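*Asks:* Line by line, the protein sequences are chains A and B. Quick note: the first sequence uses the UniProt record's numbering, first residue 1, plus one each step. Quick note: the second sequence uses the UniProt record's numbering, first residue 1, plus one each step.
These are calculated hints, taken from the structure and not from any lab test. It cannot be assumed that every hint is accurate.
If chains are identical, the list can't say which one is meant, so a pair holds when it fits in one copy or spans any two.
[To be verified] As a list, the in silico DSS-like pairs of lysine-lysine whose alpha-carbon atoms are at most 27 Å apart: (1) 109 <-> 189; (2) 109 <-> 88; (3) 75 <-> 189; (4) 109 <-> 125; (5) 192 <-> 132; (6) 132 <-> 19; (7) 19 <-> 88; (8) 75 <-> 19; (9) 192 <-> 33; (10) 88 <-> 192; (11) 141 <-> 88; (12) 88 <-> 75; (13) 132 <-> 88; (14) 33 <-> 109.
Just so we're clear, the structure is a prediction, and the values are computed from it rather than from any experiment.
Protein chains: 2
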Amino acid sequence: MTDRVENILRDYFTENAFKPGDQLPNEFEMAQKLNVSRNVVREALSRLRMLGMVESRPRRGMVMAQPDLLAGLEKVLNPLLLSQDDLKDVFELRLVLELGVSEILFARKTPEDMAELEEIAERQKGLAVLTKEDEIEFHGKLYDMTGNETLHRFQSMLAPVFDHVFAAYYNKTSKSSKLEQVTHYDLFKVLKEGTAAQFRTAMYNHLAVYIDSASSR
Amino acid sequence: MTDRVENILRDYFTENAFKPGDQLPNEFEMAQKLNVSRNVVREALSRLRMLGMVESRPRRGMVMAQPDLLAGLEKVLNPLLLSQDDLKDVFELRLVLELGVSEILFARKTPEDMAELEEIAERQKGLAVLTKEDEIEFHGKLYDMTGNETLHRFQSMLAPVFDHVFAAYYNKTSKSSKLEQVTHYDLFKVLKEGTAAQFRTAMYNHLAVYIDSASSR
Numbered sequence: 001m002t003d004r005v006e007n008i009l010r011d012y013f014t015e016n017a018f019k020p021g022d023q024l025p026n027e028f029e030m031a032q033k034l035n036v037s038r039n040v041v042r043e044a045l046s047r048l049r050m051l052g053m054v055e056s057r058p059r060r061g062m063v064m065a066q067p068d069l070l071a072g073l074e075k076v077l078n079p080l081l082l083s084q085d086d087l088k089d090v091f092e093l094r095l096v097l098e099l100g101v102s103e104i105l106f107a108r109k110t111p112e113d114m115a116e117l118e119e120i121a122e123r124q125k126g127l128a129v130l131t132k133e134d135e136i137e138f139h140g141k142l143y144d145m146t147g148n149e150t151l152h153r154f155q156s157m158l159a160p161v162f163d164h165v166f167a168a169y170y171n172k173t174s175k176s177s178k179l180e181q182v183t184h185y186d187l188f189k190v191l192k193e194g195t196a197a198q199f200r201t202a203m204y205n206h207l208a209v210y211i212d213s214a215s216s217r
Numbered sequence: 001m002t003d004r005v006e007n008i009l010r011d012y013f014t015e016n017a018f019k020p021g022d023q024l025p026n027e028f029e030m031a032q033k034l035n036v037s038r039n040v041v042r043e044a045l046s047r048l049r050m051l052g053m054v055e056s057r058p059r060r061g062m063v064m065a066q067p068d069l070l071a072g073l074e075k076v077l078n079p080l081l082l083s084q085d086d087l088k089d090v091f092e093l094r095l096v097l098e099l100g101v102s103e104i105l106f107a108r109k110t111p112e113d114m115a116e117l118e119e120i121a122e123r124q125k126g127l128a129v130l131t132k133e134d135e136i137e138f139h140g141k142l143y144d145m146t147g148n149e150t151l152h153r154f155q156s157m158l159a160p161v162f163d164h165v166f167a168a169y170y171n172k173t174s175k176s177s178k179l180e181q182v183t184h185y186d187l188f189k190v191l192k193e194g195t196a197a198q199f200r201t202a203m204y205n206h207l208a209v210y211i212d213s214a215s216s217r
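Isolated chain A (complex conformation) (with noise of 0.2 Å):
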């Protein structure tokens, strides 16, 4: 029954082209509208809430809001409670990211995220190991370059399941020297001074080990 007023209520909202600020109808006049009782329209209603659609004003009452694009999507990324065809997409799919972000990179980078870059880049250089908070560190900051908040958002999100699907699944066969062939400090040259197909093939490179696991599946 919550679905099924969730469902209308939306439908509503983009029917009457409700945009973010607009005052919306009161529980009590929802619930007659639609035949239902308050209890259904106030939990229909708490949904869109926690999804960013609507939000609560005093004096106001409930007007639409700019819903959070990841807020849901966020909320179900547990590694333990999603299916292990659910997990391997989610690992693919951030392969996909990285390997098609080369271009945006290219056209958005500044001498002074360069300059960042590097710093990381060289300091990683003197480490034997690198730990995912390293690894975070420099993919995150090229994340950061794109100037694209949802896409660095969403790629962070995934990344915890990444790391467990690597873990769990394909941490038995060796860390192929593949992996080490293309390091950062690499990574950070080919943006400096290469091109974005070049950067596209290192990419490709030093993720090598990951793309041959998931081909493979």
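Start from chain A and add chain B according to the hints.
*Replies:* The following block gives chain B in isolation, referenced to the frame of chain A:
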């Protein structure tokens, strides 16, 4: 208050390593344990039910479930509600996916899939103008070929926002001849006879008009 209880419940499930199928305490027990009203618990559970994290089973009450990864995102991908920044982020996200998917396509393509793709590309060669449906048919088949259900559904969810952004902001610039240089049929040929790297380049040229728009924002 419901936000807080929703978070507490999710943390509680994680800390106790609840897996899909596991029986959950009933509303009454949860309300007592958290010292909140049953209405608040019911609202929080309704949110989790929307995400597919919990479900009601006849005679068993509430059990843990396998969440629907993209359910939350799907509900908010409404061009009328998203901010301009979010819209542009989603526009780019689709481009990133199209460019990044090459390796997986080459690893997974089958003769049957290629025959189907050829049939589509061959038929579209005869058309003067490609409609949205034609675009979806060709690019959707590519995602279908990845065998990654999440990626496939994700990109088809992004399509309406992508079209909205392109129509609203970029259609004034003449659809340059670049777009025509690499056709769906050309993409098919490269996928059949070329390499993953060549396909990435061909896809880049196919999407050049969009990528130019995105880069210059």
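*Asks:* Okay, which hints does this one fail, numbers in order?
*Replies:* 3, 9, 14
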